[in-house]
Amino acid sequence: MTIYNMYIFDRNGTCLFYQEWQRNKSSGMPQEEEFKLMYGLIFSIKSFVSRMSPVDFKDGFTNFNTNFYKLHFFEPPSGLKFVLNTSLNVESLRESLQYTYNSIYVEYVVKNPLCSLNAPIKSELFKEKLDTYIRGLPAF
Amino acid sequence: MTIFSVYIVNRAGGLIYQMDHHQPKTEVEKTFSFPLELQLKIVDERVVVAFGQRDGIKVGHTILAVNGDAVHGRKLEDGRDILEEIADSENYPIAIKFGRPKLSTNERIMLASMFHSLYAIGSQLSPEQKSSGIQLLETDGFKLHCFQTLSGIKLIVLADPKQTGIEVVLRRIYELYSDYALKNPFYSIDMPIRCELFDKNLHGLLDPYERTGFYSTSM
Chain A
1 MTIYNMYIFD RNGTCLFYQE WQRNKSSGMP QEEEFKLMYG LIFSIKSFVS
51 RMSPVDFKDG FTNFNTNFYK LHFFEPPSGL KFVLNTSLNV ESLRESLQYT
101 YNSIYVEYVV KNPLCSLNAP IKSELFKEKL DTYIRGLPAF
Chain B
1 MTIFSVYIVN RAGGLIYQMD HHQPKTEVEK TFSFPLELQL KIVDERVVVA
51 FGQRDGIKVG HTILAVNGDA VHGRKLEDGR DILEEIADSE NYPIAIKFGR
101 PKLSTNERIM LASMFHSLYA IGSQLSPEQK SSGIQLLETD GFKLHCFQTL
151 SGIKLIVLAD PKQTGIEVVL RRIYELYSDY ALKNPFYSID MPIRCELFDK
201 NLHGLLDPYE RTGFYSTSM
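Sequence order for the protein chains is A and B.
For the first sequence, position 35 matches number 35 in this note's numbering, and the numbering has no gaps at all.
For the second sequence, position 147 matches number 147 in this note's numbering, and the numbering has no gaps at all.
Next up, chain B with everything else stripped away, as it sits in the complex (with noise of 0.2 angstroms):
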């Protein structure tokens, strides 16, 4: 019972705030002999497995680290390519950490953008008079749930399929929002959010989920 990341996005479709709450653990580290079992490719130059899963080893992982070096792109930090070092025998045994790609700033903002005309699409498309975008989206491993506020901000919040209460809580980061993002004379709207007593009541509004995945609302 978790809730894994909180977004909001502005009227215009830019992201203006971001935090992750909860990520799960999907590293997995092993050890291979030669010739290596997996097939990679390169996907926006990141080394990702196209075809073999095994041992908790996905396709869509990217390598994370090789030999206990942390990768950079599709090279290792001095610079070796990986495909190429993946490639030679002479560097066999080899140990190689995969995981799921860890989202950039720049791919929140792209992806964060993409569910404001997704949601526009989502209303467009409804077979019902005045119907709103999308609200919840659900998926086997998580579910996505949107509040869009009357002044056309988005609040969204990324959790377990099984976790309750959310609405409570989206309404609960509005109010979060409202009090101390706007209420807080330096910040310019729809404009990023840095404001230290926003982040510190969202982390304790959203704390109590990590250890009981109950809500009180006494808080």
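Chain A with its partners taken away, still in its complex shape (with noise of 0.2 angstroms):
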């Protein structure tokens, strides 16, 4: 089991953090036109799903799988997005990331006064906790 890398969106699409662990293949663009494409790939199915749906549904899109990894997908209703790439054979994340929203994101960049909102994660604090969560779960 792997986990290959995580993206932190906003409301407005601006990455707000990125980490790779493991990744075995860049997506040949700049750095920053990838976050593009991700947010929009995203964003594309959210509204995808919710027209597709013959039910109503509560959180709607969770994940996806292609033939080599799954990508794991959290919002809460303050309309950040939660991205994580992992193997196949991860079950759903979605404890993990509402953790990392609750517990490492609401503490350590909320909390702190020094951190703007809109703007990419600069405290180390952060960085450091949230590595050691991903790094110490069975998944990884």
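Some clues are possibly wrong.
Simulated pairs of lysine to aspartate or glutamate, EDC-like, Cα-Cα distance not exceeding 20 angstroms [said to hold, decoys possible]:
#1 B:Lys97 / B:Glu37
#2 B:Lys143 / A:Asp59
#3 A:Lys46 / B:Glu138
#4 B:Lys97 / B:Asp81
#5 B:Lys130 / A:Glu34
#6 B:Lys143 / A:Asp56
#7 B:Lys30 / A:Asp56
#8 A:Lys58 / B:Glu27
#9 B:Lys162 / A:Asp56
#10 A:Lys58 / B:Glu138
#11 B:Lys162 / A:Glu91
#12 A:Lys46 / B:Glu107
#13 B:Lys75 / B:Glu45
#14 B:Lys143 / B:Asp207
#15 A:Lys25 / B:Glu128
#16 B:Lys58 / A:Asp56
#17 A:Lys58 / B:Asp140
#18 A:Lys58 / B:Asp55
#19 B:Lys162 / A:Asp59
#20 A:Lys58 / B:Asp160
#21 B:Lys58 / A:Asp59
#22 B:Lys25 / A:Asp56
#23 A:Lys46 / B:Asp44
#24 A:Lys46 / B:Asp140
#25 B:Lys41 / A:Asp56
#26 B:Lys102 / B:Glu29
#27 B:Lys143 / A:Glu75
#28 B:Lys143 / A:Glu91
#29 B:Lys97 / A:Asp56
#30 B:Lys102 / A:Asp56
#31 B:Lys58 / B:Glu29
#32 B:Lys130 / A:Glu20
#33 A:Lys46 / B:Asp160
#34 A:Lys58 / A:Glu95
#35 B:Lys162 / B:Asp20
What the hints contain is simulated information worked out from the structure, not anything from laboratory work.
Please read all numbers here as calculations on a predicted model, not as lab measurements.
Given two chains presented individually in distinct reference frames, assemble the corresponding complex, making use of the accompanying hints.
Laid out in structure tokens, this is it:
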């Protein structure tokens, strides 16, 4: 089991945070462009799913699989977007992403008056805590 | 345990076949008194609930009928504007039927080509070499399974999240497509599929799911 990389976007599509732990293929474009493409992918999937769905749902899009990786998605009501890529044999990481939001993002970014909310996160403490948490997951 | 619908998308992202197999009922009818507690707004020429979920009426539902008269876009059949009808206290009590908006053919074509590009982007943003595009997309209401054949045709099945064995169904649909659509001398490739036999066999394949939710391979 592997965790490849993680993106955090704010509600306007700015990439607040990106980290990769293991990545075997780059997307072949500048990182800025890749963030825009990833946000566009998530945004379109959300709109696609809400229109395509034959039933009413609560959370909407949660994850997708290709034949090599699995993308987990979590969005708290404030519109932040957590995206985590893992290998296929990983179970739903919804709770882990929820924890990342509750106990890492809120604790070390929202409660840090020196962190501005709509700009990329510079806090070293946040990065360190997140890295420790992800490395501690059984899926890592 | 159900299969909701089947889509077939050609190499260029065009929708060549679409079938709704099972449509869950989401319609709710309710009689309201003045003033209406729901907030409505116009989205794509439809009257949509913007705020105020209650009694099974959800945000995103559209108005399907007012006092039993079917609705066309934002107007009633006789041309009266719905929002004006609802704003007028003379018309109360008023019975309004809400439900999930039905997809028009144009919207389906648009959604199919949208998925075609999402599929490609999913493969491009992969952290692993040689990844395919999206094969399974999960939500808490349905799962979308996609199988891309070697010739680039995408077979898409929307099913209940608990439904298993969709991989087998996708391959069976591919078989039916090769047997009844491709071998039909009147069918030109990449064009919409209008083959009676294909329709019939596809229904024959999917109908057991409706009754038992169980798939027998002896079919």
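Hint check:
{"no.": "1", "hint": "B:Lys97 / B:Glu37", "verdict": "holds (15 angstroms)"}
{"no.": "2", "hint": "B:Lys143 / A:Asp59", "verdict": "holds (13 angstroms)"}
{"no.": "3", "hint": "A:Lys46 / B:Glu138", "verdict": "holds (11 angstroms)"}
{"no.": "4", "hint": "B:Lys97 / B:Asp81", "verdict": "holds (16 angstroms)"}
{"no.": "5", "hint": "B:Lys130 / A:Glu34", "verdict": "holds (18 angstroms)"}
{"no.": "6", "hint": "B:Lys143 / A:Asp56", "verdict": "holds (13 angstroms)"}
{"no.": "7", "hint": "B:Lys30 / A:Asp56", "verdict": "holds (18 angstroms)"}
{"no.": "8", "hint": "A:Lys58 / B:Glu27", "verdict": "holds (17 angstroms)"}
{"no.": "9", "hint": "B:Lys162 / A:Asp56", "verdict": "holds (16 angstroms)"}
{"no.": "10", "hint": "A:Lys58 / B:Glu138", "verdict": "holds (13 angstroms)"}
{"no.": "11", "hint": "B:Lys162 / A:Glu91", "verdict": "holds (15 angstroms)"}
{"no.": "12", "hint": "A:Lys46 / B:Glu107", "verdict": "holds (16 angstroms)"}
{"no.": "13", "hint": "B:Lys75 / B:Glu45", "verdict": "holds (9 angstroms)"}
{"no.": "14", "hint": "B:Lys143 / B:Asp207", "verdict": "holds (18 angstroms)"}
{"no.": "15", "hint": "A:Lys25 / B:Glu128", "verdict": "holds (5 angstroms)"}
{"no.": "16", "hint": "B:Lys58 / A:Asp56", "verdict": "holds (8 angstroms)"}
{"no.": "17", "hint": "A:Lys58 / B:Asp140", "verdict": "holds (7 angstroms)"}
{"no.": "18", "hint": "A:Lys58 / B:Asp55", "verdict": "holds (16 angstroms)"}
{"no.": "19", "hint": "B:Lys162 / A:Asp59", "verdict": "holds (16 angstroms)"}
{"no.": "20", "hint": "A:Lys58 / B:Asp160", "verdict": "holds (15 angstroms)"}
{"no.": "21", "hint": "B:Lys58 / A:Asp59", "verdict": "holds (14 angstroms)"}
{"no.": "22", "hint": "B:Lys25 / A:Asp56", "verdict": "holds (10 angstroms)"}
{"no.": "23", "hint": "A:Lys46 / B:Asp44", "verdict": "holds (18 angstroms)"}
{"no.": "24", "hint": "A:Lys46 / B:Asp140", "verdict": "holds (13 angstroms)"}
{"no.": "25", "hint": "B:Lys41 / A:Asp56", "verdict": "holds (19 angstroms)"}
{"no.": "26", "hint": "B:Lys102 / B:Glu29", "verdict": "holds (16 angstroms)"}
{"no.": "27", "hint": "B:Lys143 / A:Glu75", "verdict": "holds (18 angstroms)"}
{"no.": "28", "hint": "B:Lys143 / A:Glu91", "verdict": "holds (16 angstroms)"}
{"no.": "29", "hint": "B:Lys97 / A:Asp56", "verdict": "holds (16 angstroms)"}
{"no.": "30", "hint": "B:Lys102 / A:Asp56", "verdict": "holds (13 angstroms)"}
{"no.": "31", "hint": "B:Lys58 / B:Glu29", "verdict": "holds (12 angstroms)"}
{"no.": "32", "hint": "B:Lys130 / A:Glu20", "verdict": "holds (19 angstroms)"}
{"no.": "33", "hint": "A:Lys46 / B:Asp160", "verdict": "holds (18 angstroms)"}
{"no.": "34", "hint": "A:Lys58 / A:Glu95", "verdict": "holds (16 angstroms)"}
{"no.": "35", "hint": "B:Lys162 / B:Asp20", "verdict": "holds (19 angstroms)"}
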